[in-house]
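Produce the complete structure using the sequences and hints provided.
First residue of the sequence shown: 1, per the working numbering; consecutive thereafter.
A hint or two may mislead.
Taking lysine to any residue pairs in the SDA-like style, the calculated list, with each CA pair at most 20 angstroms apart, reads [what the hints assert, rightly or not]:
(1) K161 <-> W138
(2) K40 <-> D75
(3) K274 <-> V291
(4) K40 <-> K212
(5) K212 <-> G119
(6) K127 <-> R178
(7) K212 <-> E141
(8) K212 <-> D111
(9) K127 <-> D75
(10) K212 <-> R153
(11) K274 <-> L286
(12) K127 <-> L165
(13) K127 <-> R205
(14) K40 <-> W50
(15) K161 <-> R205
(16) K127 <-> V44
(17) K127 <-> K212
(18) K40 <-> F52
(19) K127 <-> E217
(20) K127 <-> V20
(21) K127 <-> F52
(22) K127 <-> D105
(23) K40 <-> Q78
(24) K127 <-> W138
(25) K68 <-> T51
(26) K212 <-> S42
(27) K40 <-> G119
(28) K161 <-> K127
(29) K212 <-> S152
(30) K274 <-> L262
(31) K68 <-> E217
(32) K212 <-> V44
(33) K274 <-> F289
(34) K212 <-> L262
(35) K127 <-> E166
(36) K40 <-> D111
(37) K40 <-> M125
(38) K274 <-> L287
(39) K68 <-> L36
(40) K212 <-> P122
It is worth saying that the hints were derived from the structure and are not from the lab. All values reported here derive from a predicted model rather than from experimental measurement.
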Amino acid sequence: MASLSTEIPAAGPAISPAPVLSIVTPAYNEAESVRLLWEKISSVLNDSPWTFEVIYIDDGSSDNTWEKIRQLQADYPQGVRAFRLRRNFGKAAALSVGFSAARGDYVITMDADLQDEPGEIPSLMAKLEEGYDLVSGWKRERNDPLEKRLPSRLFNAVTRKISGLELHDFNCGLKAYRVEVVRELPLYGELHRYIPILAHAEGYRVTEIPVKHHAREFGISKYGLGRYFKGFLDLLTVAAITRFLQRPGHLFGGSGLVLGGLGFLILCYLTAVKLFLGAGIGQRPLLLFGVLLMLLGVQLISVGLVGELIVRKLGGHREAYQVRETLG
1 MASLSTEIPA AGPAISPAPV LSIVTPAYNE AESVRLLWEK ISSVLNDSPW TFEVIYIDDG
61 SSDNTWEKIR QLQADYPQGV RAFRLRRNFG KAAALSVGFS AARGDYVITM DADLQDEPGE
121 IPSLMAKLEE GYDLVSGWKR ERNDPLEKRL PSRLFNAVTR KISGLELHDF NCGLKAYRVE
181 VVRELPLYGE LHRYIPILAH AEGYRVTEIP VKHHAREFGI SKYGLGRYFK GFLDLLTVAA
241 ITRFLQRPGH LFGGSGLVLG GLGFLILCYL TAVKLFLGAG IGQRPLLLFG VLLMLLGVQL
301 ISVGLVGELI VRKLGGHREA YQVRETLG
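As structure tokens, then:
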């Protein structure tokens, strides 16, 4: 992925001390919403036990979103921070910027379009205080048109089946994390929607709660059906990362053994036909098919072995485990 260049508004002093909550908010052409979102968040958290900061990431907006954010930061320099990307890098990149900048012990993510309800933050935090590491919102009652709801249901059903993680709404932007979760997870492409799967694979405790979902007040949705096709491709990437990252030989070697074994059985069958029936096999397509399967099996096993060597050589810096707690 291309490097991300960011711009931080100069207005206002540095925020100190570090807050308890960092609220990360990607924004793309949401000029009408950014101040309203701040006001809603403030009304919820000003009387709460948690100090907070709101981190806006302008993901290459073409309207005056950045100017609105700049004005907001000038008005509230102790509570608002902002980053401006040079172009539209996508939500995963925007979240990565926010995660890197977050100074709180807990991180809340929500979209800037006002469809996520800031009033749900205390409920999300209550779940974290129960011992969970990631709490995902579930838009049980969605205020979206049918053409968005149906693909989303299909997408979530397939994702549950492949990942084995029983969440209803992987794509909900409203989530709460312990900060160590977002520090550990790599994000690129469309992987932001699979953060719960990646976190679960690392041993973090993941749950969900139903959350309110509002109809869009301003602008238009930035997402179309194309994002689901990209999302399914990234789901395959996530499946490979979570299951075979440390042992690529299991993926390629297992497939190679199956295909090579099938090819071997075909060749054994043809050999028996030749020896016991005296039939010619040199011109039979099945002979070529068996040889091709054997060769493909050998190649896949070889790729798996090379992958194992690469993981051992280059992946040694990354531990294959996560420690939850230490005593003594």
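Hint check:
1. K161 <-> W138: Within the cut-off at roughly 17 angstroms; holds.
2. K40 <-> D75: Status holds; Cα separation ~16 angstroms.
3. K274 <-> V291: holds (16 angstroms)
4. K40 <-> K212: holds (14 angstroms)
5. K212 <-> G119: Satisfied, since the Cα-Cα distance of roughly 9 angstroms is no more than 20 angstroms.
6. K127 <-> R178: Satisfied, since the Cα-Cα distance of roughly 11 angstroms is no more than 20 angstroms.
7. K212 <-> E141: holds (7 angstroms)
8. K212 <-> D111: holds (13 angstroms)
9. K127 <-> D75: Violated, at about 32 angstroms.
10. K212 <-> R153: holds (17 angstroms)
11. K274 <-> L286: Roughly 13 angstroms separates the two Cα atoms, so the pair holds.
12. K127 <-> L165: Distance ~18 angstroms between K127 and L165 Cα, so the pair holds.
13. K127 <-> R205: holds (11 angstroms)
14. K40 <-> W50: Judged against 20 angstroms, a Cα distance of about 15 angstroms means the pair holds.
15. K161 <-> R205: Given pair K161, R205 holds - Cα atoms ~19 angstroms apart, limit 20 angstroms.
16. K127 <-> V44: Given that 20 angstroms is the threshold and the Cα spacing comes to 17 angstroms, the pair holds.
17. K127 <-> K212: holds (16 angstroms)
18. K40 <-> F52: holds (13 angstroms)
19. K127 <-> E217: violated (29 angstroms)
20. K127 <-> V20: The given pair, whose Cα atoms are some 16 angstroms apart, holds under the 20 angstroms limit.
21. K127 <-> F52: Judged against 20 angstroms, a Cα distance of about 18 angstroms means the pair holds.
22. K127 <-> D105: holds (15 angstroms)
23. K40 <-> Q78: The hint holds at about 17 angstroms.
24. K127 <-> W138: Distance ~14 angstroms between K127 and W138 Cα, so the pair holds.
25. K68 <-> T51: Answer violated: K68 to T51 is near 23 angstroms, above 20 angstroms.
26. K212 <-> S42: holds (18 angstroms)
27. K40 <-> G119: Status holds; Cα separation ~8 angstroms.
28. K161 <-> K127: Violated: K161 and K127 sit about 25 angstroms apart, past 20 angstroms.
29. K212 <-> S152: Distance of about 17 angstroms is within 20 angstroms: holds.
30. K274 <-> L262: holds (19 angstroms)
31. K68 <-> E217: holds (17 angstroms)
32. K212 <-> V44: OK: K212 and V44 at ~15 angstroms, within 20 angstroms.
33. K274 <-> F289: holds (17 angstroms)
34. K212 <-> L262: The given pair, whose Cα atoms are some 53 angstroms apart, is violated under the 20 angstroms limit.
35. K127 <-> E166: Since the Cα atoms of K127 and E166 sit roughly 17 angstroms apart, the hinted pair holds (cutoff 20 angstroms).
36. K40 <-> D111: holds (13 angstroms)
37. K40 <-> M125: holds (17 angstroms)
38. K274 <-> L287: At roughly 12 angstroms apart (the allowed maximum being 20 angstroms), L287 and K274 satisfy the hint.
39. K68 <-> L36: Holds, because 11 angstroms separates the two Cα atoms, which is no more than 20 angstroms.
40. K212 <-> P122: OK: K212 and P122 at ~13 angstroms, within 20 angstroms.
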